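Enquirer: Sequence:
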Amino acid sequence: MQKWSELYSRLRSATPSLSEQLIQFENAEALPALAIVQDYRFIGANSVALSYFESIEQNFIHSTPYDFSPRIQSSGRNSVEYGQQQLREAAKGKIVSFNWLHLSQQGTELPTKVTLYPFSLDGNDVVLIQFTPMDRRGKRRSHSSNGFEDLPKELMSITLEDSAEAVYITDEDGHIFAVNKAMCRICGYSAEHMLGKTPSELNLEAMINDGIAPNPLKNKGSWQGEVWKYRSDGSKFPAWQSCRRIYASNTVYFVNLFSDISEKKRLEAKLTQQAMYDKLTGLPNRFHLIKILNKAINNIKQHSTMIGALMFLDLNGFKNINDSFGHATGDKVLQLVAARLETCCLDDAEIARLGGDEFTLVLPKCKNKQEIEAFSDLVLSLFDVPFEIDGQKFYLSTSIGISLFPQQSDEANQLLSMADTAMYSAKKSPNHIRFYNAAIREAAEKKLRILNDLRHAQSLGQFSLVYQQIIDLENNNMIAVEALLRWKRSSGEILEAREFIPLLEETNSMVSVGLWALEQACNQMSKWHAQYNDQLKITVNISTSQLEHPDFLSMLTKVLQQTQLPSDKLVIEIEESALIRKPAMIAAVLNELKQLNIGIAIDDFGAGLSSLSRLGSLPIDCLKIDSSFAQRLHEPQGKELCKAMVQLAHTLNICYIAEGVETQAQKDLILQMGKGYGQGYYFGWPATAEVFASESLSLLKKA
Numbered sequence: 001m002q003k004w005s006e007l008y009s010r011l012r013s014a015t016p017s018l019s020e021q022l023i024q025f026e027n028a029e030a031l032p033a034l035a036i037v038q039d040y041r042f043i044g045a046n047s048v049a050l051s052y053f054e055s056i057e058q059n060f061i062h063s064t065p066y067d068f069s070p071r072i073q074s075s076g077r078n079s080v081e082y083g084q085q086q087l088r089e090a091a092k093g094k095i096v097s098f099n100w101l102h103l104s105q106q107g108t109e110l111p112t113k114v115t116l117y118p119f120s121l122d123g124n125d126v127v128l129i130q131f132t133p134m135d136r137r138g139k140r141r142s143h144s145s146n147g148f149e150d151l152p153k154e155l156m157s158i159t160l161e162d163s164a165e166a167v168y169i170t171d172e173d174g175h176i177f178a179v180n181k182a183m184c185r186i187c188g189y190s191a192e193h194m195l196g197k198t199p200s201e202l203n204l205e206a207m208i209n210d211g212i213a214p215n216p217l218k219n220k221g222s223w224q225g226e227v228w229k230y231r232s233d234g235s236k237f238p239a240w241q242s243c244r245r246i247y248a249s250n251t252v253y254f255v256n257l258f259s260d261i262s263e264k265k266r267l268e269a270k271l272t273q274q275a276m277y278d279k280l281t282g283l284p285n286r287f288h289l290i291k292i293l294n295k296a297i298n299n300i301k302q303h304s305t306m307i308g309a310l311m312f313l314d315l316n317g318f319k320n321i322n323d324s325f326g327h328a329t330g331d332k333v334l335q336l337v338a339a340r341l342e343t344c345c346l347d348d349a350e351i352a353r354l355g356g357d358e359f360t361l362v363l364p365k366c367k368n369k370q371e372i373e374a375f376s377d378l379v380l381s382l383f384d385v386p387f388e389i390d391g392q393k394f395y396l397s398t399s400i401g402i403s404l405f406p407q408q409s410d411e412a413n414q415l416l417s418m419a420d421t422a423m424y425s426a427k428k429s430p431n432h433i434r435f436y437n438a439a440i441r442e443a444a445e446k447k448l449r450i451l452n453d454l455r456h457a458q459s460l461g462q463f464s465l466v467y468q469q470i471i472d473l474e475n476n477n478m479i480a481v482e483a484l485l486r487w488k489r490s491s492g493e494i495l496e497a498r499e500f501i502p503l504l505e506e507t508n509s510m511v512s513v514g515l516w517a518l519e520q521a522c523n524q525m526s527k528w529h530a531q532y533n534d535q536l537k538i539t540v541n542i543s544t545s546q547l548e549h550p551d552f553l554s555m556l557t558k559v560l561q562q563t564q565l566p567s568d569k570l571v572i573e574i575e576e577s578a579l580i581r582k583p584a585m586i587a588a589v590l591n592e593l594k595q596l597n598i599g600i601a602i603d604d605f606g607a608g609l610s611s612l613s614r615l616g617s618l619p620i621d622c623l624k625i626d627s628s629f630a631q632r633l634h635e636p637q638g639k640e641l642c643k644a645m646v647q648l649a650h651t652l653n654i655c656y657i658a659e660g661v662e663t664q665a666q667k668d669l670i671l672q673m674g675k676g677y678g679q680g681y682y683f684g685w686p687a688t689a690e691v692f693a694s695e696s697l698s699l700l701k702k703a
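When you line the sequence shown up against our numbering, it's residues 1 to 703, in that order.
Don't read these hints as lab results, they were simulated from the structure. Just to be clear, a hint being listed does not mean it is correct.
Unchecked claim - DSBU-like cross-link-like pairs, simulated, lysine-lysine; straight-line CA separation at most 35 Å: (1) 3 to 113; (2) 264 to 332; (3) 279 to 236; (4) 537 to 582; (5) 582 to 332; (6) 279 to 113; (7) 639 to 537; (8) 291 to 264; (9) 428 to 367; (10) 279 to 291; (11) 527 to 558; (12) 569 to 537; (13) 393 to 332; (14) 270 to 301; (15) 447 to 488; (16) 301 to 265; (17) 236 to 295; (18) 427 to 639; (19) 428 to 643; (20) 594 to 639; (21) 369 to 279; (22) 558 to 488; (23) 569 to 582; (24) 393 to 639; (25) 446 to 427; (26) 428 to 291; (27) 643 to 675; (28) 428 to 332; (29) 594 to 527.
As the list claims (entries may be wrong) - The calculated label-pair distances, taken between Cβ atoms and stated as ranges, are: (30) 162 to 326: 29 to 35 Å; (31) 319 to 134: 58 to 64 Å; (32) 70 to 446: 55 to 61 Å; (33) 162 to 358: 55 to 61 Å.
Since this is a predicted model, take the numbers as computed values, not measurements. Glycine included, C-beta positions come from ideal geometry on N, C-alpha and C.
Using the sequences and the accompanying hints, generate a full structural model.
Expert: Pasting the structure below:
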């Protein structure tokens with residue numbers, strides 16, 4: 001063993017304040033208790049520290065700081081876990097200070113302020129520990145404070161004998177000369193059978209405990225830790241054992257105490273299962289995924305020619321299943337999806353469920369991006385076959401975002417964020433697979449900036465309405481005006497509604513902004529009725545989230561009352577998807593709107609999901625044929641599709657409005673298909689209220 005003075009003189013630090021601290025310790029009037037720890041074990045201690053712990057150098061060196069501690073601190077923390085955590089913090093270059101309860105080698109309690117200083121010793125990281133007594137007089141607690149020494153020996157013997165913890169005492173050669181009842185009960189041997197034998201002869205010890213020496217007390221005075229032991233029938237069980245070398249009457253004794261922690265380990269395993277795995281599918285959860293990903297990142301760094309991939313999956317169409325068939329059915333679908341993914345990924349990837357309809361796959365080692373793409377195609381093919389539950393078939397697809405490690409990042413949460421961002425981009429791509437790249441990052445950053453601006457747009461008065469006329473195709477008379485929402489950003493850029501409405505939904509601002517737009521449109525039309533034509537109708541787009549709001553009808557009624565607009569002069573435009581998402585609720589809302597004499601139009605008809613069977617049973621007044629069909633009138637198929645929708649409207653005895661009409665030829669072709677209305681640049685561009693009034697309404701001015 002090296003002398004303390006030699007070790008202390010070789011301590012080094014690049015931090016001037018730490019070097020100064022060493023000098024202060026040397027020059028202190030009262031030398032502090034100091035020790036040096038390397039790899040969690042003491043490699044040196046000064047005489048003050050040895051005296052403080054009532055130990056000698058031979059017993060102190062190679063022991064750990066928590067060997068001189070109770071198993072659990074008064075704070076409830078585990079001494080071993082918390083002690084190692086604090087040492088790791090100091091090893092990062094921090095000065096760490098905390099309160100700690102130590103025990104001397106003789107069992108005396110030592111309330112201590114512990115300060116850890118990071119240093120290097122011959123190029124290796126070490127920690128210098130200062131022990132400062134915390135009692136008022138700077139002395140350890142009185143040994144008599146626990147009262148045990150005042151008890152009769154007979155009482156102490158009975159207490160030890162009847163203890164719930166197993167106790168056995170050996171001599172220096174390991175022969176057992178005392179055992180208590182718990183030792184016999186737990187291990188299944190009689191006292192007579194054990195006395196005089198060593199634990200090895202009885203095969204008590206399972207010498208397979210990782211990191212534990214066969215004789216843990218060889219170089220120190222005490223030890224505690226988790227071990228495995230055998231019963232007399234050969235069964236093995238986990239135990240928490242503490243050992244202490246005691247000098248009494250010039251004789252060395254080894255006192256061993258242990259308790260069976262099998263039940264505790266079972267509970268820990270159950271809690272670990274609950275904490276690490278998704279209850280619905282049995283797959284690893286987000287917390288477990290991070291561990292899996294960190295392990296994969298560390299492993300891939302050993303193989304410079306390989307790459308790892310994190311795939312983020314989101315199910316397309318799952319929300320419709322939940323909304324239409326309920327969460328119980330949705331849960332069964334998720335279980336079927338998990339089963340298919342597990343079958344596909346048995347040998348190639350680790351799978352996890354983050355929550356909802358989001359899954360991840362970790363591919364730990366791939367040769368190139370082509371291999372990852374091929375695996376992604378395999379995952380996509382899993383959704384070619386519908387999922388069947390109780391005779392009902394459910395068709396789903398998935399979108400996959402992919403981030404690569406360690407090339408793009410070696411930080412698990414960042415990789416997860418990258419793959420998530422790429423997944424949203426994949427939803428818009430033809431093959432539903434996207435690798436994270438700079439363009440996706442820039443788009444995500446732009447979206448974030450827009451979202452931040454959008455949160456304040458209403459309070460800054462940046463929203464406005466423009467108006468576009470709807471024309472009778474037969475006589476070119478204006479029959480209605482559509483109010484269209486616009487957003488003028490602080491930069492001066494003007495965005496159309498389709499560019500930011502989805503973002504309003506994300507920020508939960510759609511109901512508030514939608515109500516503002518409805519008020520503005522109704523108020524404006526009420527003014528135009530007084531000035532121009534009181535037969536004009538105003539059409540306003542209403543989002544699905546507005547329709548589903550419990551106060552929507554009362555808010556709408558209040559707007560009509562405040563603006564004094566007749567209810568039959570208001571037409572609300574709703575999306576096709578609103579008819580499918582919550583059909584019973586939406587049907588009830590539409591029927592109440594019809595009782596108020598409010599018109600109802602299906603916007604962008606033909607561009608999304610439709611439920612034709614429901615159109616005839618709902619109080620729909622008009623179909624607005626999506627503008628894409630007007631653009632395809634020069635194609636035979638496009639012309640036939642548009643004609644079919646016009647005929648559908650006539651069959652249902654409702655009107656139609658052809659959107660996107662830009663030329664006389666388009667207008668004439670649509671009119672040939674049947675009477676109806678048109679809207680588009682051919683009849684007029686969207687304009688502010690002032691411009692619209694001067695250009696489109698001036699001829700209608702009342703006398």
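Enquirer: Decide, hint by hint, whether the structure agrees.
Expert: Structure-based check of all given hints:
no. : hint                   : verdict
1   : 3 to 113               : holds, 25 Å
2   : 264 to 332             : holds, 34 Å
3   : 279 to 236             : holds, 31 Å
4   : 537 to 582             : holds, 28 Å
5   : 582 to 332             : holds, 20 Å
6   : 279 to 113             : violated, 44 Å
7   : 639 to 537             : holds, 29 Å
8   : 291 to 264             : holds, 24 Å
9   : 428 to 367             : holds, 28 Å
10  : 279 to 291             : holds, 18 Å
11  : 527 to 558             : holds, 17 Å
12  : 569 to 537             : holds, 4 Å
13  : 393 to 332             : holds, 12 Å
14  : 270 to 301             : holds, 33 Å
15  : 447 to 488             : holds, 16 Å
16  : 301 to 265             : holds, 34 Å
17  : 236 to 295             : holds, 30 Å
18  : 427 to 639             : holds, 29 Å
19  : 428 to 643             : holds, 29 Å
20  : 594 to 639             : holds, 33 Å
21  : 369 to 279             : holds, 33 Å
22  : 558 to 488             : holds, 28 Å
23  : 569 to 582             : holds, 27 Å
24  : 393 to 639             : holds, 34 Å
25  : 446 to 427             : holds, 18 Å
26  : 428 to 291             : holds, 31 Å
27  : 643 to 675             : holds, 11 Å
28  : 428 to 332             : holds, 27 Å
29  : 594 to 527             : holds, 24 Å
30  : 162 to 326: 29 to 35 Å : violated, 59 Å
31  : 319 to 134: 58 to 64 Å : holds, 59 Å
32  : 70 to 446: 55 to 61 Å  : holds, 57 Å
33  : 162 to 358: 55 to 61 Å : holds, 56 Å
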